[in-house]
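Engineer: Residue numbers (my numbering), protein chains in the order written: chain A, 1 to 454; chain B, 455 to 956.
I should point out that these hints are in silico values taken from the structure, not numbers from a laboratory.
Please note: incorrect hints may appear among the correct ones.
[To be verified] Which stretches of chain A does chain B cover? Using the computed rule of at least three CB atoms under 8 Å from a CB of chain B, they are: (1) 95 to 104; (2) 123 to 130; (3) 147 to 153; (4) 291 to 299; (5) 349 to 363.
If you're wondering where the values come from, they're calculated on a predicted model, not measured in any experiment.
Think of the CB as a built atom: it goes at the ideal place given N, C-alpha and C, for glycine as much as any other residue.
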Amino acid sequence: MADYLPHTDDDVHSMLTFLGMDSLDDLFAHIPSAIRLAGGLEIDPGLSEPDVAAIFASYTRANAAKATSMTCFAGGGAYDHEVPPVVKMLSNRSEFVTAYTPYQPEVAQGVLQAIFEYQTLVSRLSGLAIPNASLYDAATALVEALNMASGATGRQKMIISSGIHPHWRQVARTFARGTGHEIVEVPLRDGLSDWSSVDASEAAAVVAGYPNYLGTLEDLSEAKALAVANDALFVVGADPVAAGVLKTAGQWGADVFVGEGQAFGTPLSFGGPYVGLFACSVAQTRRLPGRIVGQTVDSSGRRAFVTTLRAREQDIRREKATSNVCTNQTLMAVAAAIQLGWLGTYGLREVATRCAQGAHYLYEELLGVDGVEALTSQPFFREFAVRVSKPAREVVSLMAERDVLAGLAVAQLTNGPDPSVDDVESVLLVTVTERRTKDEIDHYVEAMREVLKT
Amino acid sequence: MTSPLPGGRAASAPLMGHESEPTLFEMSVPSRSAYQLRTTGVPATPLEELVPTNHLNDEIVPIAEVSERDLVGHFTRLSHRQYSVDLGMYPLGSCTMKYNPKFCDAVAADPGLNSVHPAAPASLCQGWLEIMVTLEEKLCAITGMSAATLQPAAGAAGELTGLLLMRAYHESRRDVRRRVLTPDSAHGTNPASVTLGGYEVTTVPSSDRGLVDLKALKAALGPDVAGIMLTNPNTVGLFEEEIVEIARAVHDVGGLLYYDGANLNAILGAVRPGDMGFDIVHMNLHKTFATPHGGGGPGAGPVAVAAHLVEFLPGPQASRVGEGGFDWVTPPRSIGRVHGWQGNAMVLARALAYIDVHGSDGLQRVSQHAVLNANWLRHRLRAILPAAYDRVCMHECTLSASPMKAEYGVRGLDVAKALLDEGFHSPTVYFPLIVEEALMFEPTETESVQTLEALAQAVERIAELARDDADQLRRAPQNTPVSRVDEARAARQLIATADAQG
């Protein structure tokens with residue numbers, strides 16, 4: 001019988017009297033009785049907060065894989081980065097948490113300016129001038145990029161490297177059921193996209209991953225040239241942490257950048273809410289999906305921020321809108337701005353560098369374990385794939401018994417054979433973030449040695 | 455009604471004055487820093503030895519260089535320039551800005567939930583799968599449906615998912631259909647989603663009672679209609695009383711009914727979409743189930759379906775397997791994934807906690823009191839802002855500033871801006887499109903009668919100002935961190951980043 005409703009019985013009585021009614025039921029009397037729910041909802045009655053907390057404690061106990069008890073070497077688009085107390089406390093301020101979409105800019109300058117700062121950072125990390133105010137996640141950001149490419153070119157064919165995360169490709173295929181896009185997947189050969197194997201004529205978009213989802217750093221010049229030769233948009237799905245040290249999507253010639261912003265201030269969260277990063281070139285501004293915040297002035301000439309280019313959006317353009325997105329992931333965008341502010345210019349470089357150092361250290365040590373083989377000879381950044389001598393899913397389970405989340409069984413992501421890799425069941429994707437110590441990495445290697453020995 | 459003490463207003467001005475806050479970039483000073491990282495002992499091999507130089511960026515991407523103290527000051531000051539539910543009433547129609555219980559946030563902050571990797575093997579995250587299965591079952595009980603996907607990240611994502619389910623259903627029957635109907639009062643996301651679902655929109659007019667014009671609806675139906683998207687109560691806050699007949703007519707031509715759950719907060723425990731005849735239902739957990747809006751997101755838009763659509767749901771789905779166990783299962787004819795992982799999980803956990811605290815009795819009371827508050831406010835304001843359709847409404851009331859416009863030349867937007875000066879957030883303005891000078895108030899069930907009275911008195915003061923000094927009203931707000939914002943300039947000369955040339 002717990003709830004958060006303020007009305008006393010007397011309040012309810014006097015309010016009903018004001019309306020000339022006798023009971024709360026009178027308010028629903030105009031709903032046809034044939035469809036009224038007679039016996040109430042068939043769920044349990046309400047419990048107090050501490051009672052519900054006890055139920056949730058049983059859920060959390062059953063989550064063995066929490067990063068607080070198992071050392072996390074899993075990545076694949078979701079990363080165990082440091083989120084310091086200062087970022088948690090600032091991004092959990094209730095003014096940010098309990099605000100609505102900033103439709104009344106005079107009382108929403110806090111969120112609007114934070115988004116403006118987020119947009120500035122997305123623009124710098126992507127090397128593209130026009131960011132938006134966030135999308136749901138990287139996978140749905142890719143779908144919006146494909147829709148943008150279709151709008152820009154009037155074409156339907158999407159050339160997508162299978163180095164793009166399998167889940168992102170799966171989401172793109174789902175939404176293609178409605179848009180009619182033709183999705184052409186480019187196979188990987190020795191870890192690199194084999195662009196020569198596909199016909200890109202009449203393509204709307206050429207899409208490449210940087211690094212690709214198996215961690216490999218591909219030289220994107222060929223993909224860019226393919227896009228240019230066929231008048232297609234060049235879309236790059238990039239790891240924004242890598243932008244601390246590697247070339248940006250814009251430097252590779254991208255027209256559109258999409259990425260996953262979870263690495264900036266959002267915990268692993270079992271997959272959501274995350275934040276889809278999106279930016280494009282100036283030429284595509286009018287086709288931008290979702291919200292964008294712009295700087296302007298108020299009636300006294302003071303700097304102010306407001307959502308702008310609203311004529312693209314669903315509440316105004318309706319069936320002709322550039323996207324149906326309304327609610328986005330603002331709170332995670334604000335958290336990203338705060339986290340990046342905390343890291344600063346050199347902190348981001350340090351994080352990116354340490355990720356690369358840890359990953360390369362583990363990689364070298366791991367190749368010394370019997371039963372572990374390199375998947376390719378290509379360079380990587382902070383994530384790499386190896387072949388293991390037992391099914392990768394089994395390896396993950398056995399490593400978990402040693403308190404290590406050893407990575408992702410790639411077969412779990414691809415859900416079957418995939419053009420990105422042969423014999424997918426034996427492939428393990430491993431990630432190292434700046435949080436992993438040498439001792440943790442050494443323990444990983446020893447545990448793997450035991451697991452693969454038997 | 456006795457006159458209670460006014461309550462629940464916010465002073466929306468920041469503590470000290472109206473100075474604008476510098477950006478993070480303007481605060482940056484070379485060599486200042488805030489970050490601290492773990493000591494790892496990992497060999498610090500130079501990056502040039504790990505990564506080929508053609509991949510390295512010759513330039514340093516500038517972020518900002520600030521101290522932790524400056525970072526805290528900056529974002530705290532920004533937060534003081536922001537209205538929020540925790541600060542005061544937020545009567546935005548169609549947005550359900552109710553109080554977000556802190557308990558539900560605490561549930562989500564537990565590392566036992568928020569530090570779990572999304573690709574952890576199912577055996578290592580049984581608690582999460584149980585949360586998802588339990589939430590799905592409860593959402594189905596609340597809506598009267600058979601099964602649900604929790605993947606869609608927001609309402610609009612749920613809409614598009616629902617339309618793809620509609621498409622998969624018809625295609626499985628080798629039934630080619632071209633059009634989807636939406637009322638002229640629909641949220642803009644509805645027609646936008648229809649287009650992305652590969653269908654054409656046919657708009658159905660509303661009657662002079664603010665409801666779907668049944669005759670026009672029937673005229674628009676045909677064998678090429680895939681379905682209809684409806685909000686019930688609809689976007690003017692009225693219950694579609696002819697819903698049973700609408701459902702029969704749509705089903706008779708082989709179409710499906712899609713329920714836009716934006717207004718579900720009106721009917722919990724009173725009537726279920728499944729019993730009205732709907733085949734597909736999306737819910738906005740960030741509205742009805744009180745998960746915080748986060749300044750525009752995250753949300754969650756689960757989609758529940760009737761038995762004949764279950765096999766098409768997105769996958770994988772958390773499912774019960776064996777004795778007390780849980781695993782991921784993909785429905786046999788699944789449309790595929792609609793989210794990179796399994797949806798906005800932390801939002802889902804909050805919503806389940808909210809449902810558990812309220813239970814069947816509490817949820818019913820939520821809707822009863824939400825409807826009571828909207829009707830009280832409608833009746834209380836009737837002399838100044840008459841209802842567009844003057845009869846019992848559901849959880850929100852659509853009022854009109856037309857009389858004030860005719861008499862004093864004051865627009866609905868001016869009333870909305872003046873309310874900001876009064877310490878309230880504005881109602882929704884100019885929506886739905888079918889009502890002139892619309893001001894849509896949704897007080898929600900968590901506001902007290904004292905707060906409602908304070909809002910009413912503020913509207914009365916605004917009406918007096920309209921009569922006495924309309925010019926002053928048109929300059930409102932003045933007590934907010936900034937005054938009226940030049941929106942045209944923002945669109946004409948886009949400055950979307952601190953690096954843009956103004």
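Engineer: Hint by hint, note whether the structure agrees.
Structural biologist: Results of checking the hints against the structure:
1. 95 to 104: Since 10 is at least three, the answer is holds.
2. 123 to 130: As far as the region 123 to 130 of chain A goes, the hint holds, because 5 residues have Cβ atoms under 8 Å from chain B.
3. 147 to 153: Per the Cβ count (1), the hint is violated.
4. 291 to 299: holds (count 9)
5. 349 to 363: holds (count 10)
Of the numbered hints stated above, the single one contradicted by the structure is hint 3.
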